[in-house]
Every structure is written in structure tokens, then in C-alpha cells.
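Participant: Spelled out, the chains give:
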Amino acid sequence: MTVVKIFRYIIGILLTFLIVFPFYWVIVSSFKPADQILKPDLFPKAFTLVHYQELIEQTSYLTNLSNSIIVSIGTMAISVLIVIPASFALYRMKFKGRKFVSRLILATYVFPGILLLVPVYQLMADLHLVNSLFGLMVINVTFAAPFSVWLMQGFFDNVPIALDESAAIDGAGRMRTLFQIILPLIGPGIATISIYAFIMAWTEFAFSSVLINSDSLRTLPIGLNAIMGQYTVRWGWTTAGAVLALLPVVIFFAFVGKYFVKGLTAGAVK
Amino acid sequence: MLGKGKKFNKLLPYLLVAPIVIWIVVTIFVPLISVIKESFYSTGFIGTKGTFVGLDQYKATLTSSAYWTAWKKSLIWVLGNGLTQTVLAFSVALLLNKASRMTNFARNWMIIPWIIPTIVVAIFWQWIFNGSYGIFNRVLQSLHLIDKPINLLGDSFWSFPIVIFINTWHWFPFMAVIVLAGLSTISQDIYEAADVDGANKWQQFWRITFPSLGKITFALGLVGTLWSFNIFDTIYILTGGGPAGASTTVPVMIYQQAFEQFKIGQASATSIITAVFLSIFAFFFLKFAGPKED
Chain Y
1 MTVVKIFRYI IGILLTFLIV FPFYWVIVSS FKPADQILKP DLFPKAFTLV
51 HYQELIEQTS YLTNLSNSII VSIGTMAISV LIVIPASFAL YRMKFKGRKF
101 VSRLILATYV FPGILLLVPV YQLMADLHLV NSLFGLMVIN VTFAAPFSVW
151 LMQGFFDNVP IALDESAAID GAGRMRTLFQ IILPLIGPGI ATISIYAFIM
201 AWTEFAFSSV LINSDSLRTL PIGLNAIMGQ YTVRWGWTTA GAVLALLPVV
251 IFFAFVGKYF VKGLTAGAVK
Chain G
1001 MLGKGKKFNK LLPYLLVAPI VIWIVVTIFV PLISVIKESF YSTGFIGTKG
1051 TFVGLDQYKA TLTSSAYWTA WKKSLIWVLG NGLTQTVLAF SVALLLNKAS
1101 RMTNFARNWM IIPWIIPTIV VAIFWQWIFN GSYGIFNRVL QSLHLIDKPI
1151 NLLGDSFWSF PIVIFINTWH WFPFMAVIVL AGLSTISQDI YEAADVDGAN
1201 KWQQFWRITF PSLGKITFAL GLVGTLWSFN IFDTIYILTG GGPAGASTTV
1251 PVMIYQQAFE QFKIGQASAT SIITAVFLSI FAFFFLKFAG PKED
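Protein chains in written order, with the working numbering: chain Y, 1 to 270; chain G, 1001 to 1294.
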């Protein structure tokens, strides 16, 4: 028994180290002065904010950041607006073609998006959505929404169907039932799919790199990749850029992360 | 009045699913049709018009050794990621499958590697594995395992395994959450009964835990394989498919054909062929690996 316990502790420490160390090392490096950053000191001997200051003043970091925020919030809003009604219909109503729609959605979330890179570019070009933040939202929603519908199943199933029935007896229409009875009860579910859409949009790389070609519309991952490519030796900027790119999602996650993990858990067992 | 209401109620579910269905059709199925069309035309740059070449591009892809090499890389990629992520995800999930303050905290925060952008993951590990002054090389040197720093990501043998490792780091937390979700559905009584019967932890894992997760491992097997096959950004950012094609998987190859060699038609043919192979895989997986329902 104790052997098992010691073994568990060792594995636990190793796994924690594996997850935490890269974060620690990049964060610490980003605060080291230029003449010390290349040295392997685990604890910094001096502290500076100069890399952050230069990154903000001399690169398009802030523009990239605001583009990413716009795209992520837009993706999140559109995704929630189309996922909730669809889930309500799929998980609460009987209608012809229900199975077909849910299969279609399932097929979409396993579909390898990379195969669509070329034609989506052409589609966006036809719609004049190349070099447009809205174009990025459109494609991000495509990849965030289907998985979100799947996640919502667990949340809808947790609301007793008897509530819908008694609302119907009281004369409430289906839409009123959705807004007044179900929505307040699936708050954590809405939080879960919101974070999912936000993260998808915040981290998206392939389509953003193809669909955006003007510097002023680049999102953070693309901007950061460009900074990295241009200044391979400037590890101060690169590490500071990495820290600033992960900070917003981590802060966002700190507030709603527990709903997200719970939601993923609830959705997954269905 | 009542008749109108009834009609509305019948129509309502269609109105509710319409936005997402239209969205999917416009952004996936319309492009899919255009890929099929382009695969028969010798289109070069995006926006230009090519001439009709029939099945020539299909032939070109199917007979090119580069395509099959890319498939070999993709198989190694999917298996390598699947194996390492499964081991790590199960380790984390089994460790955290107990309610306590520590595990609750760890459960919420361990997913952090998955929520950060791939570019940040790439910076993390490029910095650690850097070929001149990376901390990893320093540690190996101070342990006298190597004399000179090695540029692992630029090494023709090591780069691909290292990229697999980095991608594993990025994705295993997500898998761990799903496995944990599955574990939470197994009743503790079964384990207690097994304890009484004298089964050790190892036997309990293989006899109880693993079979109970059938449905979830099945879903992960299918979705995880397709998702992992699809990954492009990690490889592209870290190695660009190199050195000398050492990490060119099928998705990387398609990207290169379309956006570096400007052969849209060829890239489309490659995409279609690949989609067919993936559908065959999905079909057989669903048919033979599906959870037995009794």
C-alpha cells in the first residue's frame, strides 16, 4: 500500500513538473536582462521589464492583441447564438430529420479542417472576406460550434423534461420555456461553450495565416510567429510575447475555468 | 389562431437548427464541392483558372513517393501521439480521480497547456530545446551525457519525435479531462468488492477501469485519431515539415502544395484522396471497434 502511495507521489511530481516547468522557464526568462537571458540560471539574478516595453513599442503586438480579442469575442457570441437554439431543438424536440442533423454536426467536428484550407480561401475571396476579421470569425465558428452542440447535450439532459411539460401545461410556448426555464438552468453549459469558442478562436493558426495578409489585421498567433521569424535571436521579445499571449486566456480561464472543466466532464460522459 | 400556432410549433425545430445547418453547409459543403471541382483542373495560384486535366492530378498524387512517405509520417504521428497521450492522460486521470482540495485544484488547472495557443507552446519548447543555449542541452551537458549542444529540432532523426512530444504536451490534458469524466461514472462499490476479493490495483485497472471506459476510449479513438491526423500548426511552426521532409505529414504536404508550390489543383486532388482514405478508416472503425451493445 505504501509503495503504491510513494509511486503515486513520484508520478504526481513528475507530471506537475512536466506541465509547470515550461511556463516557469519562459516567464522567468522574459524578465531577465538581455545579457543574462541566455544563461541557464534557474533563478534570475536581475529583473527587467525592458523586453515587454520594447515588444509593445516596437512591434505590432498591441494591434495583434486587439484583433485577437475582436475575433475571439465575435466567434464566442455567434457560436453561442447558433448553438443554443440548435441544441434546444435537437435535445428537446421531436422532429423529422433530427437524426440527420445530428449526424451532420457529428461529421463536421471530426472533419479534417486542413482539407478545406484551399477552398475556404476561395470561398472567402468570393465573399470578399479575405483580409477581414469577420471572415476569421466565420471559419472559427464552423469549427467551434459542432463540438459545442455535442457538449450541450449533457447540460440539456440534466434539466428534467418534466419542467418543459409543466410549462406547456401552464400555457408557455416553446421559446418562452427556453428563455425562462431552461436558459437559467444551463448557465454552466453556456459558460463552457463560450470558453471553448474563445479558446478555439484565440489559438487558431492555419486559417488565420492564410486568410489574413495585411499586417494590421494579423491575430496574435500569426503576429507572434512573424516576430519570431524576424528576430530569431531576440529571445527577450519572443518569451515576453509568449507570456503576453497566454496571459489573457489564463486570466479568462481563472474566472470560468472550473465551469469549463466541469462542463467538458458532463458533456463527455454522454 | 390555434391552427397557426400548431403550424409554428411544427416549424419551430427547423427554424432553430437552420442557422447552424446553413453555416455548416456554406462553410464546409460548398468548399468541399469546389475542392472536388478544382481537383480536375490544373489551377496554380489561387484566383487563376486552370485547364481541365481529368484524373491526371489524382494519378500524380497516387504515384508520387512523397505522398506515401507523408502517409508513413502521418501514421507515425497518429500512433506516436495516441500512445504517449493515452499513457499520460491515464496517469493524470488515475492520480486525480479522488476528491480532495488538491485534486480539485489540479483538475481545473492541468488543462492549461491545451488552452494556450500553439505558437506559445512552440516558443516554450524551442526555448527549452534551443540548439545553442537551451536549458535542456545545458542539463545534458552538465550530466556529461553529451559534449556539445545538439539542435534537436533541426536534427533529421530527432526533430519528428520531438515535435510529437511537444504536441503530446499540448493535447494530453484535454484527453485527461475526458478520461477523468469517464472514471467518474464508475461506481466505487465495484472497487471495494474487488478489494474484498483480493484483487490488486493493477488487476483492478485492467479488469474494471479499462473495460468500463469502453465507450469513451472508443470515442477518443475515433475523434482523437482524426483530430490528431489533422494537426498542422504544431508541425508547421516548429519545423515547417523539415528538416528535408522529416516531419512532412499529409496535412503539411497539402499546405505546401497549395501555398508554397502554388499548385491548387494538385493540392485539391491530394485532399480528396486523403479524405477518401480517412472515410474508409472511420467506416471500419465504426463497424468493428464500436462498443458492443448488449
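Bear in mind the hints are in silico, worked out from the structure with no lab data behind them.
Any given hint might turn out to be false.
Chain Y stretches covered by chain G per the calculated footprint, using a threshold of three residues with CB under 8 Å from any CB of chain G [claimed, not checked]:
1. 133–143
2. 199–211
3. 249–256
Label pairs and their in silico Cβ distance ranges [to be verified]:
4. G:A1199 to Y:F47: 50 to 60 Å
5. Y:N213 to G:L1140: 36 to 46 Å
6. G:S1212 to Y:N158: 15 to 25 Å
7. Y:L49 to G:L1143: 53 to 63 Å
8. Y:P184 to G:M1102: 44 to 54 Å
9. G:W1071 to Y:I169: 31 to 41 Å
10. Y:L49 to G:I1280: 31 to 41 Å
11. G:L1075 to Y:I10: 47 to 57 Å
12. G:W1071 to Y:S66: 21 to 31 Å
13. G:F1277 to Y:I169: 34 to 44 Å
14. G:K1006 to Y:I161: 19 to 29 Å
15. Y:R98 to G:F1277: 50 to 60 Å
16. Y:L49 to G:I1186: 16 to 26 Å
All C-beta atoms, glycine included, are put in the ideal place defined by N, C-alpha and C.
Participant: Determine for every hint whether it applies to the structure shown.
Facilitator: Checked hints:
1. 133–143: holds (count 4)
2. 199–211: holds (count 6)
3. 249–256: Three-residue rule met by the region 249–256 of chain Y, so holds; n is 3.
4. G:A1199 to Y:F47: 50 to 60 Å: 55 Å, holds
5. Y:N213 to G:L1140: 36 to 46 Å: At roughly 41 Å between Cβ atoms, L1140 (chain G) and N213 (chain Y) fall inside 36 to 46 Å, so the hint holds.
6. G:S1212 to Y:N158: 15 to 25 Å: 21 Å, holds
7. Y:L49 to G:L1143: 53 to 63 Å: Distance hint for L49 (chain Y), L1143 (chain G) is violated at roughly 34 Å.
8. Y:P184 to G:M1102: 44 to 54 Å: Given range 44 to 54 Å: violated, Cβ gap about 33 Å.
9. G:W1071 to Y:I169: 31 to 41 Å: With Cβ atoms ~59 Å apart, the hint is violated.
10. Y:L49 to G:I1280: 31 to 41 Å: With a Cβ separation near 55 Å, L49 (chain Y) and I1280 (chain G) fall outside 31 to 41 Å, so the hint is violated.
11. G:L1075 to Y:I10: 47 to 57 Å: 33 Å, violated
12. G:W1071 to Y:S66: 21 to 31 Å: Check failed, 41 Å falls outside 21 to 31 Å.
13. G:F1277 to Y:I169: 34 to 44 Å: 53 Å, violated
14. G:K1006 to Y:I161: 19 to 29 Å: 21 Å, holds
15. Y:R98 to G:F1277: 50 to 60 Å: 30 Å, violated
16. Y:L49 to G:I1186: 16 to 26 Å: 50 Å, violated
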